[in-house]
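Throw the hints in and build the complete structure from the sequences for me.
For reference, the chains in residue letters:
4 protein chains.
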Amino acid sequence: MDINLFDCLSPIDYRYRSRTLAAILSENGFTRAKLEVEIALISALVNRKICPPEIAAEISVACAQVTTDEVYDEEGHIGHDIRALVNCIRNKVSDAAKPYIHMTATSFDISDTANALRYRRATEDVLIPSLIELERVLVDITMRESETVQIGRTHGQHAVPITFGFAMAGYVSRLGKSIIKLKELSAEITGKFSGAVGAYNASALFFKDPEAFEEEILDHLGLNPAEHSTQIVPPESVIRLFSEITVVSGIMANLADDMRHLQRTEIGEVGEEFGKDQVGSSTMPQKRNPIGFENVKSMWKLVVGRIATLFMDQISEHQRDLTNSASARANGEIIAYVHAMAQRLTKVMKKLRVDRANLERNLAMQSGLVLAEPLYILLASLGHPDAHEKVRTLTLQAQSERKTLQDIAQADPELDPYLKQMTDHQRAIISDPSLYTGIAAAKAFAIAERWSKRLLNTY
Amino acid sequence: MDINLFDCLSPIDYRYRSRTLAAILSENGFTRAKLEVEIALISALVNRKICPPEIAAEISVACAQVTTDEVYDEEGHIGHDIRALVNCIRNKVSDAAKPYIHMTATSFDISDTANALRYRRATEDVLIPSLIELERVLVDITMRESETVQIGRTHGQHAVPITFGFAMAGYVSRLGKSIIKLKELSAEITGKFSGAVGAYNASALFFKDPEAFEEEILDHLGLNPAEHSTQIVPPESVIRLFSEITVVSGIMANLADDMRHLQRTEIGEVGEEFGKDQVGSSTMPQKRNPIGFENVKSMWKLVVGRIATLFMDQISEHQRDLTNSASARANGEIIAYVHAMAQRLTKVMKKLRVDRANLERNLAMQSGLVLAEPLYILLASLGHPDAHEKVRTLTLQAQSERKTLQDIAQADPELDPYLKQMTDHQRAIISDPSLYTGIAAAKAFAIAERWSKRLLNTY
Amino acid sequence: MDINLFDCLSPIDYRYRSRTLAAILSENGFTRAKLEVEIALISALVNRKICPPEIAAEISVACAQVTTDEVYDEEGHIGHDIRALVNCIRNKVSDAAKPYIHMTATSFDISDTANALRYRRATEDVLIPSLIELERVLVDITMRESETVQIGRTHGQHAVPITFGFAMAGYVSRLGKSIIKLKELSAEITGKFSGAVGAYNASALFFKDPEAFEEEILDHLGLNPAEHSTQIVPPESVIRLFSEITVVSGIMANLADDMRHLQRTEIGEVGEEFGKDQVGSSTMPQKRNPIGFENVKSMWKLVVGRIATLFMDQISEHQRDLTNSASARANGEIIAYVHAMAQRLTKVMKKLRVDRANLERNLAMQSGLVLAEPLYILLASLGHPDAHEKVRTLTLQAQSERKTLQDIAQADPELDPYLKQMTDHQRAIISDPSLYTGIAAAKAFAIAERWSKRLLNTY
Amino acid sequence: MDINLFDCLSPIDYRYRSRTLAAILSENGFTRAKLEVEIALISALVNRKICPPEIAAEISVACAQVTTDEVYDEEGHIGHDIRALVNCIRNKVSDAAKPYIHMTATSFDISDTANALRYRRATEDVLIPSLIELERVLVDITMRESETVQIGRTHGQHAVPITFGFAMAGYVSRLGKSIIKLKELSAEITGKFSGAVGAYNASALFFKDPEAFEEEILDHLGLNPAEHSTQIVPPESVIRLFSEITVVSGIMANLADDMRHLQRTEIGEVGEEFGKDQVGSSTMPQKRNPIGFENVKSMWKLVVGRIATLFMDQISEHQRDLTNSASARANGEIIAYVHAMAQRLTKVMKKLRVDRANLERNLAMQSGLVLAEPLYILLASLGHPDAHEKVRTLTLQAQSERKTLQDIAQADPELDPYLKQMTDHQRAIISDPSLYTGIAAAKAFAIAERWSKRLLNTY
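Line order of the protein sequences matches chains A, B, C and D. Going by my numbering, the first sequence opens with residue 30, and the numbers climb by one from there. Going by my numbering, the second sequence opens with residue 30, and the numbers climb by one from there. Going by my numbering, the third sequence opens with residue 30, and the numbers climb by one from there. Going by my numbering, the fourth sequence opens with residue 30, and the numbers climb by one from there.
Hint data in this document are derived by calculation from the structure and do not stem from the laboratory. Virtual Cβ for every residue (Gly too), placed ideally from N, Cα, C. Misleading hints may appear alongside valid ones.
DEER-style ranges, computed between Cβ atoms [stated by the list, open to error]:
| no. | chain 1 | residue 1 | chain 2 | residue 2 | range |
| --- | --- | --- | --- | --- | --- |
| 1 | B | E217 | A | H249 | 54 to 62 Å |
| 2 | B | H106 | D | A216 | 27 to 35 Å |
| 3 | B | R390 | D | L425 | 19 to 27 Å |
| 4 | A | H249 | B | T49 | 40 to 48 Å |
Simulated pairs of lysine-lysine, DSSO-like, Cα-Cα distance not exceeding 30 Å [stated by the list, open to error]:
| no. | chain 1 | residue 1 | chain 2 | residue 2 |
| --- | --- | --- | --- | --- |
| 5 | B | K380 | D | K432 |
| 6 | C | K482 | B | K212 |
| 7 | C | K78 | C | K121 |
| 8 | C | K121 | B | K210 |
Far from chain D, some chain B residues (derived; all Cβ distances over 10 Å) [stated by the list, open to error]:
| no. | residue |
| --- | --- |
| 9 | F236 |
| 10 | T294 |
| 11 | E295 |
| 12 | I296 |
| 13 | P319 |
| 14 | E323 |
| 15 | E443 |
| 16 | K449 |
| 17 | S460 |
| 18 | L485 |
Next up, the structure:
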């Protein structure tokens, strides 16, 4: 059944749609994955010489012809989704083939395994590559701006200087680590073929080694079985994967938020290149709104809400209840939103313009008050009995006399003996904020290089 | 653009779709609502004799021809959704009409007002009627089963008896109250026409009474203005409505959970009529799974997760940020899920079969131990110095001797004087659990009648 | 048992403690409230001439002597909290009094009613007054700053001007409305005295009109009964109250966030007066961190998380399960956090310093680009065929030529005929951003006055 | 300051208090951890021969004397918590020692590192051992009941049989895996000593290798540094740990829920041994309420709500904001609740009584309908053209004729040829549900043995 795209309710369908992900995570994608599992079962039966290869071929051809539309039609009659799928396959094969279809399987051997397949592929083949693409852009910015001095900010207040690349390096490191975790957790997603309650009741009717049979089926799909399953695989491996997906969305939202604020009119340290024809506002043509960053933050809020649902779905009574029938169907949306976040953020970060003039202006804003920290620390280390309090008083004096902290400090006779004991390098630093960046530049570069080697060269 | 329904990712689109709601809450519905707001603006300009009626007619015709597809195309060029909509209207009218379109409006005068319109209509025209339909079914069951004795359960343990109708009456009362609240909160949803930052900067260029002008526009749409707005209406009225929508979904989930458990094989007090061809399980043909009730519970878990997102969207910086650009788009899904819950629950409750034999069997299960409460209370009221402890000992004795509590009590010489002081009615009650139902039947009936009058006759 | 305050784990106990709230919401407060309910039951029995007044007096005296410590000791022996409380009262009275204690009551007649009492009192007697105190401060600032021009900000970007008081008026309006809602929802909190499963099984043994008896008991406590209860009152009225408490915390968090950002070093429009000895940072003595506002935002994040738990507690199986035994105990913390937010915010808002120099500097920052909106709107209204696009081009020109928009506009011959058609007032506005504030000042004042009358004079 | 325990608001303080955890996670525990970090700094200075060992000894002695009470007093004066702590130490040492205290450190070098220390210790020293204790109990039950046949349940309906031990083995496996994860994630918690904005600005004034200096300090505490930090360590490692803590709480809640339902009056397969004096209900002395299991489920609902707060705290602007000042303080409560869950669940599972009579009664309840699955599967495998539909019809016939499925099947001539082809073992299975348990017993035992070796012997 076809519908107009804009008759959809969900923005993930009509607005943030990814064709690649839809191929995996849509209902059609689910049907295809379930058919793959049914075929994997047949393949295992062939390997065990139970099902003749030509029958297997016949079933494969039949599976290729099954459409979601006809499965839904059949479900409309009999009220059961997997039985409907099985009927659709059966209707397309000879009587000789019928007994092998779905043999010893229970519905969730198929559904849960198909979902494992989908979540792994969506993560490994689509989500992670989009995150690596973002990582690549962040690595580039980090290297390019590793020495660009920027005032560091805590509590929204000027603190002491860093470099722009150093701030970016934090995201390179956090995102890189999360990608590694996603890979690990995705590989832990398991399938199952243990029957209606997990005890291999049906398959043990035929096989002495039903666990080995399960492994053979899943092996065709590149999956491992759960150590123990009921009608369903234990929910934890999926929850862990989606928790990390939520984590990575938080990293992107944090970056987006930082950029959004650095783009404030008064700060203006970064900007997004606007298209020549792009309209910022319907009535205020001068505006350059950070809508890309806002959109990323917004999707994160959706994702955070959804993880609660996954945690609630962790509880399934006895050998399973089906109180996740609707909620688990929506899991794919989470991957899709986080993928859309990665793509949007990559796009705007690629166009990110760093405004050096504003960076310098902002650094200079507080007339050296950002040097209070090194001054206090050096005084304390040189034995000043109450350095923190002394410097606090000097900063108040500098503010009321509208002088730089350097000037006030140099004019204060009490400090004279301490200043004389400082090294040249130390004296230079307390005269020029742009020198007080610690190891920001070198560390930024090293982190970018490390993750570039670790992630980008291997994918 | 058309797509195959099953290429959708979101179950709200491919599986739990409501055509009526989609007309309101889909992106096409949003476009139509925004156009209605643009037309309401023109109507207000006509009333003030600023815009000639024939121009208004021309614009109306133009608006009727605008499609979401073309708006998205235009947005693809200029990167702004409302300006794209405005351009699409402008392209369809004469130069003389152009100046009136969107006059003094800012984007969110249109979008927020359109959303207010959509949320109200979806709630009042679709959601509430579906809840009233459910209420009607619950009222019927309550009346029909008002005298059907059922063991009451607390902690999953047999407590003292009620009637099945009395349990249902609780849901009639809770659902009824929530419907009233939904009506009230829906009526509180406001629109706005106060410009880019809420101070009527633009409209005050032309009108001495821009607040009156705002009221005139919104009056065409049946909406009230917010007392104060920024670029957007204050978020609270929408949050309150969606909180109540979450509340009503919780009431339905609670009912579904109760039914689910009463349908357990061992309890068997209710059942859902199965279609003759319906399949319970793909491998266990004997099963009658409560999939309708499970589905309702599952959707509730989705809804609970989403309310967190709405609370997070409450914070918008200064005169607004757009960090709800994606998340607010998903609000409509919440209404759609709760509507689907109401429809599903109505359907299964209509088919609900109450199994009297099992009700009686379960009531009799504990051999009168459920009479421990009236026995203890009557003994205490008659001055027994330690009635609770005495009855606790009797129940242990009844269990170990496998006798009914009545027999044990009557054989206990210590209790003799107290039993003699009881009224006939009191003595009858402690001999027959089915008499110990308090005012369950009468109260159930009264509640059903009250809500029937209050809600069902007036809608 | 006494403990060192700092051996507590919960910040609500060791750091954000309110003595007034603790009297109501602590475990000692709960004990007192439960005893009040037991006494209300006795009073109703006296009114019905069942219990002699002197016995009632004896029980009252006994109740006054019960301590939580002894109740917990007794619970340690018998494993049931309310039975322990009842035993503690019984141990302090004559045998003649014993039968009246807890007569016909079930545990949750006492607990749920006691909680209703506590939530109402905490809300009405402590939380709402603290919110009104905040409202008072906001009303004052609104009036004082109603004409203080401030650049409006959307997306963190300069939009068009408002006044500082106008921005505050938005919070006056939102907070005021939420206070009204809190009052209404608090009054809807109900108690119950309907016995173990809600059907008045026990009380109907003695009374023909058990619902009237319930009303009489609750009337002593100023509470209404639920229309229908099971072992517990329906959870919705509590959820609605706590949802609104979450809403009001969001309003405060939004205000705190706005102030936090306005206090950024580069913006500097507001500041919190610092104590002479106050330390901003342990190493950066120059800093003035908005820790009060940050703290308010932080508590909001706690509150938002907790509302999910309340929604999850809405589901209780059949006539009740006790899967809220721990979670419902934590509800009081939510009120306590929101009360702490109100107090903290009141304190910092009272000290709020508005920096007029920075307000003016920021308004002037964009050299009149904020006038793009009125220019475009006036041009459009005067028939310019493509005003939005024209003004967008002018702003780009103004930026590249580093001129004011006014100068660029006046030098553009294409605009000449339109400028001539404008009124003097309109021409004035497009030359001076501080005139383009719509009705901000008047509206701010009117809102402040309205809420001052509505709320502040009546409490 | 001492308070009465029951003047606390938070149940984690007055009711679910753990002395061991309070020593780590209370505010006093936090003070001690911060002092440990200050001492680790001094030790590193000693190793670098900057601070003389005797001075270090003097500072250690001083630190041991600092109390939270005096720190709070000092904070009351100066409004900054870490500076207050530093002042308290300084006041207790000679002038010669003062310069070394807090040297080059920023507040969050101390706080974040102290929290890392606390979360690791609370997890590794208290939470994990309590989970292993639970695992031990589950392993014992699994082994003991590995062959106890139980009907498997899906959708609350009888499915096909398992063994009780097999069901338990699922929890052994899930809990075991989560313990392993907790250990891994706990070891990933990092500290920091990189100064006010993470660039080692202050320490680079003195050291050429500030990253090595950071490592030396953290090494004294058994912690690793973050690869990159700002004023704070990246939040992800803490979120990951708490996500897994939420996961393990879900596993316990799932187990508790299963037990709760198996304890239903009608099912009665398990029970908790009641103390001789224990009261089940204040008015219904016969009741045996599963309050332990309910309590575990309830705490889980608290925990799920809190994880949202942690995800919200993931976003911190630029080099940090402090909008987690209150919320992060509540993190410890999560560990405390999950620890309380583990202890409670261990206690009730130790007392768990499995009721074999009821297990057998329930298994027999459906007169062999649970054998529909093997019958259908065997028929299908033997070439019956429509086995699923055939067996579905037979079950309807069995129900209407009130016969066992076995009898109906054997009497059906259509099935005769198929029955004859079955092996003896297959024929036995379709006559006796208790034989149809697949490999449940063996698998249960194997899993218990595996985890016993993997976890229990090594801790």
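Taking the hints in turn, this is what the structure says about them:
1. B/E217 x A/H249: 54 to 62 Å: The hint (54 to 62 Å, Cβ to Cβ) holds, given that B/E217 and A/H249 are roughly 58 Å apart.
2. B/H106 x D/A216: 27 to 35 Å: violated, 53 Å
3. B/R390 x D/L425: 19 to 27 Å: The hinted range 19 to 27 Å holds for B/R390 and D/L425, with Cβ atoms some 22 Å apart.
4. A/H249 x B/T49: 40 to 48 Å: At roughly 45 Å between Cβ atoms, B/T49 and A/H249 fall inside 40 to 48 Å, so the hint holds.
5. B/K380 x D/K432: holds, 26 Å
6. C/K482 x B/K212: holds, 29 Å
7. C/K78 x C/K121: Roughly 23 Å between the alpha carbons, so the hint for C/K78 and C/K121 holds.
8. C/K121 x B/K210: violated, 46 Å
9. F236: B/F236 is indeed farther than 10 Å from all Cβ atoms of chain D, at 40 Å.
10. T294: violated, 4 Å
11. E295: The assertion about B/E295 is violated, with a minimum of 4 Å to chain D.
12. I296: violated, 5 Å
13. P319: violated, 6 Å
14. E323: Violated: least Cβ distance 7 Å, not greater than 10 Å.
15. E443: Holds: least Cβ distance 16 Å, greater than 10 Å.
16. K449: holds, 22 Å
17. S460: holds, 16 Å
18. L485: Correct as stated: the minimum Cβ-Cβ distance to chain D is 32 Å, above 10 Å.
Consistency note: the structure conflicts with the earlier hints numbered 2, 8, 10, 11, 12, 13, 14.
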